[in-house]
Amino acid sequence: MTSKPRDAATATSPLGLLLITGAVATVGLLIVAPLASVFVDAFSNGPQAWWEALAHDPDTRHAIWLSLTVAPIAVLINTIFGVAAAWLVARFRFPGRSLLVSLFDVPFSVSPVVAGLALVLIFGRQGLLGPTLAGLAVKVIFAWPGLVLATTFVTLPLVVRELIPVMEAIGPEEEMAAVSLGANGWQVFWRVTLPNIRWALLHGVVLANARAMGEFGAVYVVSGHIAGATDTMPLRVEKLFQEYRTPASMAVASVLAALALLTLVAKVFIERQLETESQELEAARAPGADTDPTTGGLGP
Amino acid sequence: MSIRVDGVSKSFGTFKALDNVSLDVPQGTLLALLGPSGSGKTTLLRIIAGLEWPDSGRIEEDGTDITDRHARQREVGFVFQHYALFRHMSVFENVAFGMRVRKAPQAEVKARVDELLHLVRLDNLGARKPAQLSGGQRQRVALARALAIRPRILLLDEPFGALDAKVRVELRQWLRRLHDEIGMTTVFVTHDQEEAFELADDVVVMNEGHVEQRGKPEEVFDKPATPFVMDFLGNVNVYHGRVENGRAFWHGVPIDYPDYPHAQAREARVYLRPHELDIARALSGGTSESHAGTSLVATVLRQTRTGPITRITCQPRQGGSDLHVDLPSAAARELGLQPGDSVSITPRHVRVFLPDPEYVI
Amino acid sequence: MNTLPPPSSSNRREGPPADAVSILRPPSPPIRRARHRTVLPGFGISAAITSLMIVALVVFPLAVLILRAASLGPAGFLAAAWTPRARAAYAVSLGSSLTAAIISSLLGLLVAWVLVRLEFPGRRILDALVDVPLALPTAVAGLVYSTLYVEKGWLGQWLVPVGIKGAYSLLGIVLVLVFVSLPFAIRVVQPVIESLDKDTEEAARLLGASKSQTFFRVVLPGILPAVVTGFALALARALGEYGSVVFISGNMPFKTEIAPVLIVSRLEEFAYAEATAIAVVLLGMSLSMLVVVNVLQQRLVRNAQ
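Residue numbers (this note's numbering), protein chains in the order written: chain L, 161 to 460; chain E, 39 to 399; chain Y, 2 to 306.
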């Protein structure tokens, strides 16, 4: 997100034009062209074929359904976690706090495949809890609970990283005021904190959802890749590709790509709200200008 | 409600914010906690409110120990320094908040909020958000919000610090009148002595975590108990002198000081307020004497006029740091002094403190 | 000068009126004797949720992974993690990630500069497009890139005859890694360029410096920490990438097989020990990148102050 550039030069100088061309070419070739080709290829046999690929293939239908259930569950878990963790870290001081904050970033830097493997080592048949789970007839790996776990892992940091800076910027004074006025914990959270963080929260949720729906590596390892049972949409794309059914693969990919574009639109909108709010925060911090003419009586 | 602070100490890490502070606030008092940054005044206020926990000591409310009571249950009205208004709620909802969390019925809430908005003269602004208000308006909303829960004590943390001078003065006077009407025990924190003196029944001067002095404004100003109080309140010239036999000597000028009748001479610090010095042209021009009788001879360096007061800065003939004399501008004009003129300066009143090794100016 | 009206005398009272007491009594429960350590509520529950999740989902799984690898013993570990095929995979991973990170940093600097400093129609759209790789599933990226660069693809039909094989090659891996890491490089540098003080550049120009001299001597030193941080972030991202590479590289052992692909391959053959060992090596690389990035970012913050 960028605000209007200060003193942005106009593009008339030759160097400027060259730079712009370079930047546009970079983004165009690397990002726009591939993105466009998804849609072009998906509809290359006409919209009818596109729809059939999605709706008439039971395995594909299942994959869509699976993605639409696993991702929201993972996002929900991470939203609860994100709010709790941000509250803890932004409002309290305790030993081990910095270590905890750096732990939040770990899922970002760990390869999803490694994450998936770790989960297999715990929940797989030969894993740590394997015998226990088998005894309870509970399947985690090669079943949807594993998918949820894997997806939750990779999207763990997304909500909490959004909330912490916002909560630290706003500060605890409003919540302190609420406490001094007699509010209990839930009242403070619902009436004071949540309205203040709603856009940041939404931003995190949107990003987490995009990431969750698109997750591949961790889910691949954990799912066993069983078509019709544990394939999410990205895995379905890969399976169709391996089977040389590229148009069908493209059809599913186009749905994911459309979702990505929707995510971007939502993201831009939310960021605009966040920008407005942060400007208001700045204005509120500055000493109040006492020039309001509407009150009469006392000047301010 | 009366408040009693008993032996309260509080540290933040290695920084000792409060050191064994004790204080009584009788019912109905309007008390000022006055002091520089870091003196502990805000910390003390927050401890009374329950927004901080003391490391040791007790807080009593009407005789009941409330030290362990959570802030939620102290029935305290707290006005934060930067107002801490709920930014996403309207003015009405801000003021109504305390009642809403107590599940008061809507009719009651509306009546009380309207009453309070009228009290703070913000009647038609109920629908506005805090971002749309000026600083003074926000301050009044914060006050109304604190009063809405009918607190038994009102605590204000630098309430007028962020406002323009004119607004500050008006709100100050208004707060005083409010207090006179309602009679609620009120404690406020300020670093502005003018504010403390104008508003408060009692002033508590704090420094570095302890109470330097407590008393009525005039008391504290005219009879400072410690060098810090004298220095902090009003302007002051400070000199090294000595005391002996019921007299203090400042640059050789003897001043009556019956508080020290002993024959044993001791070093002392002599404090003179610029407006308690008389200044006149030296009788004999070009004299080389450093003092004549009970006056000090000095040379005028410059005059500065700030509104109704003119400050004349002089250099004592015998050397030493510059001396400031304040007098009404009309009188200064009459004197017609120029830089370089010789003047004689006579103290009308002086305070002497025997050296406190910890207090360095 | 208008003043506020005197406070209404109808409010005169000694204390709360009796009728209001029942409604405005402080909320129950009664006075608690226990000393609380916090004024703000919710420490207990937020600490419980947070630690439960972090331990169960982050600490525990990674610990299991590391312990499992450790149980191989040093010799066993080395044997599993240092096979010829694994070594080739590390080389491919590191090599392609480094190359991609360098390219991303340079291109990222260009794009960030243009977005901040130049005004042109469509600038806002370009800015939004930068985030596409963050939102797009990596599998889709991989699919699309491979279809584009394959012999019969849009771009492949021209490039392959010329010898530029984008698919089933190292080039393909680098391409796709640049795609996924580009936003990281751009978004780290962008705010730093935005906060540059243009006065210093103007001063340099007034003193006679040419545009390129100004850039290299005045501007670049200022943004270099951000560029380096962007490089580190891009590298970290590229090292872990799996989904897109799987489509485009052909996954040929010793040639275009990256470490994550090898891990999956071993796993599918139930060679848990090998998979675990290689995973731990990869984990070590990732975590050290995390540390490096953190250090660099802190330095970046400090420089900005």
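Honestly, the hints are just simulated from the structure, not real lab data. Any given hint might turn out to be false.
Below 30 Å or equal to it, Euclidean Cα-Cα: the simulated DSS-like pairs (lysine-lysine) are [said to hold, decoys possible]: (1) K399(L) x K212(Y); (2) K399(L) x K166(Y); (3) K204(E) x K254(E); (4) K54(E) x K204(E); (5) K54(E) x K254(E); (6) K153(Y) x K212(Y); (7) K204(E) x K167(E); (8) K256(Y) x K399(L); (9) K427(L) x K167(E); (10) K141(E) x K167(E); (11) K199(Y) x K212(Y); (12) K153(Y) x K256(Y).
Just a sample of chain E residues kept apart from chain L, beta carbon distances all over 10 Å, derived [unchecked claim]: (13) P64; (14) G115; (15) V139; (16) A165; (17) K261; (18) D269; (19) V276; (20) D364; (21) P385.
In silico contact screen, one side only, chain L against chain Y (beta carbon under 10 Å); selected entries [what the hints assert, rightly or not]: (22) F241; (23) S269; (24) A297; (25) V298; (26) W304; (27) L309; (28) A413.
Where a beta carbon is used, it is the ideal one built from N, C-alpha and C, also for glycine.
Hint check:
| no. | hint | in the structure |
| --- | --- | --- |
| 1 | K399(L) x K212(Y) | violated, 53 Å |
| 2 | K399(L) x K166(Y) | holds, 24 Å |
| 3 | K204(E) x K254(E) | holds, 25 Å |
| 4 | K54(E) x K204(E) | violated, 36 Å |
| 5 | K54(E) x K254(E) | holds, 27 Å |
| 6 | K153(Y) x K212(Y) | violated, 44 Å |
| 7 | K204(E) x K167(E) | holds, 24 Å |
| 8 | K256(Y) x K399(L) | holds, 23 Å |
| 9 | K427(L) x K167(E) | holds, 26 Å |
| 10 | K141(E) x K167(E) | holds, 23 Å |
| 11 | K199(Y) x K212(Y) | holds, 13 Å |
| 12 | K153(Y) x K256(Y) | holds, 23 Å |
| 13 | P64 | holds, 23 Å |
| 14 | G115 | violated, 8 Å |
| 15 | V139 | violated, 4 Å |
| 16 | A165 | holds, 13 Å |
| 17 | K261 | holds, 36 Å |
| 18 | D269 | holds, 28 Å |
| 19 | V276 | holds, 34 Å |
| 20 | D364 | holds, 30 Å |
| 21 | P385 | holds, 41 Å |
| 22 | F241 | holds, 5 Å |
| 23 | S269 | holds, 4 Å |
| 24 | A297 | violated, 22 Å |
| 25 | V298 | violated, 16 Å |
| 26 | W304 | violated, 17 Å |
| 27 | L309 | holds, 7 Å |
| 28 | A413 | holds, 4 Å |
Checked against the numbered hints given earlier, the structure breaks hints 1, 4, 6, 14, 15, 24, 25, 26 and satisfies all the rest.
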